[in-house]
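One letter stands for each residue in the lines below.
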Amino acid sequence: MILLFLVIAAAALLLVLGFEMFLVLGVPALMVKEFFYGNLPDPVVVQKVLGGINHTTLLAIPFFILAAELMGQGQIARRLTGFVKALVGHTRGGMGYTTIGGSMAFGSVSGSAPATVAAMARMVYPEMRAAGFRERFSLGLIVSSAETALLIPPSITFIIYGWMTGTSVAKLFVGGLAVGLTLGLAFAIMVAVEARMSGIERGMPLSWGARLSALREAGWALGMPVIILGGIYSGYFTPTEAAAVSVVYAIFVEAFVFRELTLGKLFAVTERAAVSTSIIFILLAMGGLLSYFITLAQVPGFITSFLESVNAGPIFFLVVVNVTFLIAGMFIDPNSALLILVPPLYPVAVALGIDPVHFGMIVTLNISIGMITPPFGLDLFVASSTLSKPVLSIVSGVWSFIAANIAVLLIITYVPGISTFLPWLVFG
Amino acid sequence: AEFVAKIGHLESDQQSRHVHLEKVAELVAERTGGAVEFQIYPQGQLGQQREMTEGVQLGTLEATVAPAAFLGGFNPAVSILDIPYLLPADDEAAQAIRSGAFGEALCDSFDTRGVECITLWPNGRKNFTSNEPLADLDDFAGQKFRVMDSNILIEQFNALGASAIALPFGELYTALQTGVVDGQENPLDTIQRMKFYEVQEHLVLSNHGAMEDVVLFNPAFWQSLPEEHRTTIVEAFNEVIPDLIEHKAAAVDAALEEIKAAGMNVRELSDEEKAAFREKMYPAARAAYIERAGEEGEQLIAIYEKEYETAAE
Amino acid sequence: MKALSLLRAVERFTVVTIFLLMVALYFLNVLARQFGGTLASDLAWVEEAVRLMSLFLVFFAVGLALDDGRHVGVHTWRDRIAATTGLPLRKVIDATGLVFCIYLAWLGLQMTIFVHGMGQRSPTLNLPVFWMYLAPTIGFVLMALRYLLSLTGKIDRFARQEAENI
Ligand code: NA
Ligand code: NA
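Chains as they are written, first to last, in our numbering: chain F, 2 to 429; chain S, -5 to 307; chain A, 106 to 271.
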């Protein structure tokens, strides 16, 4: 117990003293290894570090970062946002709703919240600021909107949950759509309130002629979302491949249509994206190491025996589920949380009569929230590294959204109908 | 307990492999008077299969029960199990090959690879599903099938004139739904658990690929066990095989019922058709195997073909 | 510091080449699938290759990230705490980072040698798997070098973070 306290204290200390985040995770992980698993051969550390990042689906992150860098450095981003502004720029807080809608569309196909932040942040952040939103609010909204990636189908999180529990993936997808939209609605309400409070004015709507010319201007740039969304839904490529295709398209359009991308620029942009990737992946790597030790510690067994000893009813049980996942999400990555925590909790949920689809929604929403909660919230770091903003600015912007998330989580948890109504309607 | 073995594997805790690992753990604990304890970590909690196998070599993990298809990189000889229609359709005949001279030679091939092979476990057979019709052999031509990472499986599909597409398992459901690939191959209980029937129209009960598990222990740990415990463990693993086969069969039956109820178009292959499939796929896969496994592979396949002939009689 | 700028040039060239090659291979794979047949099967190794390349991409870039002060961390209070307590905090971080990275590079080397000895090969490419473990080994060496240079005052890797906090 004293040793465990020492580990946690060390992590907190390193964090506050300004150590690199990978050291904040890595050094305590090594302490755990020495204190509790001294008899394991040491090279296992490197194996688990690599295990944290050696997944094909993670490739979407570097590819989308590169595509976003190319679009941001060139013309595509400006023309795309120009077109959106021509449509909604006159409404109060239109750029805020655009951020939510864009992230939901993008998150839907990419299935990866960090990839969504990477792709959207550079494009919408300057526009939100220009539209009059405060820095904090803009950062918070960008980071939180990306959460919907796990909920709006397709979603690998639901597929893994379905495999572990035998729940219909199709039903989970439909339920996830409902929950994702609820989350989007909550953020939209926040945008409406924020826009009023910070005195963002309505503008004059543009004439249809001006809109048409913005559309013409956007032409090639609009190809980007069309190709990504269309390509995935019509089965030309997987979300991960779509990321690579979007890079090729961006290079083609910027170099040969807009004729501004030189080889030198391509080199610089690619290098920047590579460095951003490495910053995110080194954290995922350390997260892989940490998750391994949490698994070995058999924490799940502890939770099950705790639940048995207090003889929990459904309401108390769901509180335990929420608290457990929120804490886990502060330190470990989403998929590990799913693999480690669902097996002990799911049978209890079933015994208490909780609908498997409903439980899947609760679990997945918890996991999404975990991606934006400090100290370890991957999306916070992605925003920090792609926007070159201190982590603390992102964190300070995200608190009000975490509050909104928890409110939605409580509603989803205690109003099962939101999760189960649509699946029931579709599948009976 | 005096000896504690962490055992990692990929399947969920309700599937046959895990259920019977728990049974083995129980038997071993009971028969060694609690001296040997097995701690079982399901569904890849301890990492992907490659990491777990490396862990067994390294000694971070005492044992793993690994699908043969994931072991080719460690021991090319084991990829013989990837060859379609390798084992006879009859369960008893198949078990005779598994536990006879072939199984023994296969297990021995792990000796030089830094792991101790205890036994082979059956884990069902693969079937084809697709969104395009699979009414006969020729229908496979031009279709895109997802394969596991294995050259032999790639050759299996090439032999049918189909494309073999490498995709991560987690992306497969969506890929089938959107049409990135037309079909896939897996045992029925996997098709049911992964809900592939929600996004697939046609199922052919081809039973073409044996899914064999290899039980691997860390050599240092294994040597540290007293002889009697080792015998107890090996016996326990072998003793549950009939139960395992039965459990798997029940899971497969239940899966088939669910799949049929979901409205999938199910077609059973006749024996003649199966023979035609074997004739088409076996030589190509065999050649790919020998190319990868070399002389060791040739020897192993010679032992196998002899055993197979005996079993066929 | 001519050697360092040469190293940086090598790292930059490596990551850019790897990254663009990854994009090209993945794109080629998508194209090949549209044509179908054995052409698509022939490219089944791309997935594995690109995954391996991504590891080298990451670990050839971590050193650059450290040089430029781009690794994430909560740097807001660091210099204030150092000033109040009189602790040479930057040096403490550099020293910790140096020890950590040397240790991980050492473990990486051990793992590389071990896997090399076991002879494990990758399933579709048939490439020796030790290459995979070489990536983190190289990456932690590259970071250790930066921590050492910063500790001995040869480079200023904190400059960017100061600008960020203003
Ligand atoms: Na999604
Ligand atoms: Na978190």
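Check the hints yourself; a few may be wrong.
Stated by the list, open to error - Subject to a maximum C-alpha distance of 30 angstroms in a straight line, what follows is the list of computed DSS-like cross-link-like pairs (lysine-lysine):
(1) F:K266 / A:K107
(2) A:K196 / F:K34
(3) F:K266 / F:K390
For the record, the hints were derived by calculation from the structure and aren't laboratory data.
Results of checking the hints against the structure:
1. F:K266 / A:K107: Holds, at roughly 24 angstroms.
2. A:K196 / F:K34: holds, 26 angstroms
3. F:K266 / F:K390: Holds, at roughly 23 angstroms.
Checked against the numbered hints above, the structure violates none of them.
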